[in-house]
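Modelling step: build the complete structure from the supplied sequences, incorporating the hints.
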Amino acid sequence: MTIKRMTFLQELLAFLGLEGRLHLAWISSAEAQKFVQVVTDFTETIRKLGPNPIQMYHQAITDGDSQMDSGFRPMKVM
Amino acid sequence: MIAKVKQLLENETVDIFIGYKRTDGHPLPHVFTKDNPDELDHMVSGPQRYSLEKFATHMAAEQPGIRIGLLARDCNQRALKVLYIQHQLDPESIETVDLNCCPSRLKTHADCSYLETEKVGDHKKQRGLDNTLNTEDVETYDQAERFSRWMYEFQKCIKCYGCRNICPVCFCKECSLEHDDLVEPGPLPVEIPIFHLVRAVHMAGRCIDCGLCEDACPADIPLRLLYRKVNEIVKDVFDYQTGSTTDQSPFSQLGDKVTLEPRAMVAL
Numbered sequence: 035m036t037i038k039r040m041t042f043l044q045e046l047l048a049f050l051g052l053e054g055r056l057h058l059a060w061i062s063s064a065e066a067q068k069f070v071q072v073v074t075d076f077t078e079t080i081r082k083l084g085p086n087p088i089q090m091y092h093q094a095i096t097d098g099d100s101q102m103d104s105g106f107r108p109m110k111v112m
Numbered sequence: 307m308i309a310k311v312k313q314l315l316e317n318e319t320v321d322i323f324i325g326y327k328r329t330d331g332h333p334l335p336h337v338f339t340k341d342n343p344d345e346l347d348h349m350v351s352g353p354q355r356y357s358l359e360k361f362a363t364h365m366a367a368e369q370p371g372i373r374i375g376l377l378a379r380d381c382n383q384r385a386l387k388v389l390y391i392q393h394q395l396d397p398e399s400i401e402t403v404d405l406n407c408c409p410s411r412l413k414t415h416a417d418c419s420y421l422e423t424e425k426v427g428d429h430k431k432q433r434g435l436d437n438t439l440n441t442e443d444v445e446t447y448d449q450a451e452r453f454s455r456w457m458y459e460f461q462k463c464i465k466c467y468g469c470r471n472i473c474p475v476c477f478c479k480e481c482s483l484e485h486d487d488l489v490e491p492g493p494l495p496v497e498i499p500i501f502h503l504v505r506a507v508h509m510a511g512r513c514i515d516c517g518l519c520e521d522a523c524p525a526d527i528p529l530r531l532l533y534r535k536v537n538e539i540v541k542d543v544f545d546y547q548t549g550s551t552t553d554q555s556p557f558s559q560l561g562d563k564v565t566l567e568p569r570a571m572v573a574l
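Just so you know, the sequences run in chain order A and B. Be aware that the first sequence starts at 35, since it is given in our numbering, and climbs by one per residue. Be aware that the second sequence starts at 307, since it is given in our numbering, and climbs by one per residue.
Please keep in mind that the hints were generated in silico from the structure rather than gathered at the bench. All clues given are correct.
Straight-line Cα separation of at most 25 Å, SDA-like style, residue types lysine to any residue; simulated pairs:
1. 38(A) x 504(B)
2. 387(B) x 35(A)
3. 431(B) x 45(A)
4. 541(B) x 39(A)
5. 462(B) x 90(A)
6. 38(A) x 543(B)
7. 38(A) x 515(B)
8. 38(A) x 445(B)
9. 541(B) x 445(B)
10. 82(A) x 454(B)
11. 465(B) x 88(A)
12. 465(B) x 51(A)
13. 465(B) x 47(A)
14. 387(B) x 508(B)
15. 82(A) x 451(B)
16. 541(B) x 57(A)
Cβ-Cβ distance ranges computed for the label pairs, FRET-style:
17. 35(A) x 450(B): 31 to 37 Å
18. 56(A) x 558(B): 20 to 26 Å
19. 398(B) x 70(A): 56 to 62 Å
20. 74(A) x 547(B): 39 to 45 Å
21. 405(B) x 74(A): 58 to 64 Å
22. 64(A) x 368(B): 51 to 57 Å
23. 478(B) x 79(A): 34 to 40 Å
24. 61(A) x 364(B): 44 to 50 Å
Residues of chain A placed beyond 12 Å of chain B at every Cβ, according to the derived structure:
25. 63
26. 67
27. 69
28. 70
Being a predicted model, the structure only gives us computed values, none of them experimental. Heads up, the beta-carbon is just placed ideally off N, CA and C, and yes, glycines get one too.
Right, dumping it as structure tokens:
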């Protein structure tokens, strides 16, 4: 079930422009070495991809970068 | 069509019939009953669409065992299939008067608001996404541009829940989009793209491409484009065409019933 959902999500995220940031691995609690390896490798993959675009988007809005947004500002609705 | 409905009501094949009645000049959904036969003379069918099966779901929930007839266009028929699979409606209690509405050279009449494509403005085409695009067209953009265009569209969302409310296959009593931890109540715009991603993921195996969500959206977000991609993924990866079959959705089946070729998820 997990692999079905993850495969689906992977494709969907790619469609939105968030490709490559999802990773699935089955690791038992007895496979400490494997866990370390997987996490290290994926951290490196992410580092190469750069900051999360969603993060960058919110940062740009806060910085007042008009290129990123179209004038819609977050507002508190009572 | 009116004669057929009259017959269904008179023979007591159904207790009620949901169709459209001209009310104050507008064709609005109406429940026709045997007790008011004169109303049937005002029954109409035009390009306007509502999710009649959604009303049926609510009625069936309140009065289990009620037999409901409804006017069913192609989209309604697909939605009904999904609702049967999800046990929201009992196929034994539903009777449809089918209204085939797909255009064809062999058929002189095609009548549906779905077929009226709205003109898309230039600014939207430049910064966001043209609603009438195909999923392949979106895939010609690179990752960064795709993201920027989708975010342009999503940030217009005012959290009206119109898409969720009108969707014929959305029926959860506790909607995850109303959960405080997932979607913060109050500030606008919503947490993007999370809100729309959550909705898209929930549409897997359910969305039947009726297009009512996009009709309902006041911000003109290309929801149908997104959910069409969802349906494409479900079709390509799981070989499941939502709305065309009475088989269970692959996401409802545990275990090995749905075989999936394991694909390495490393280094995409």
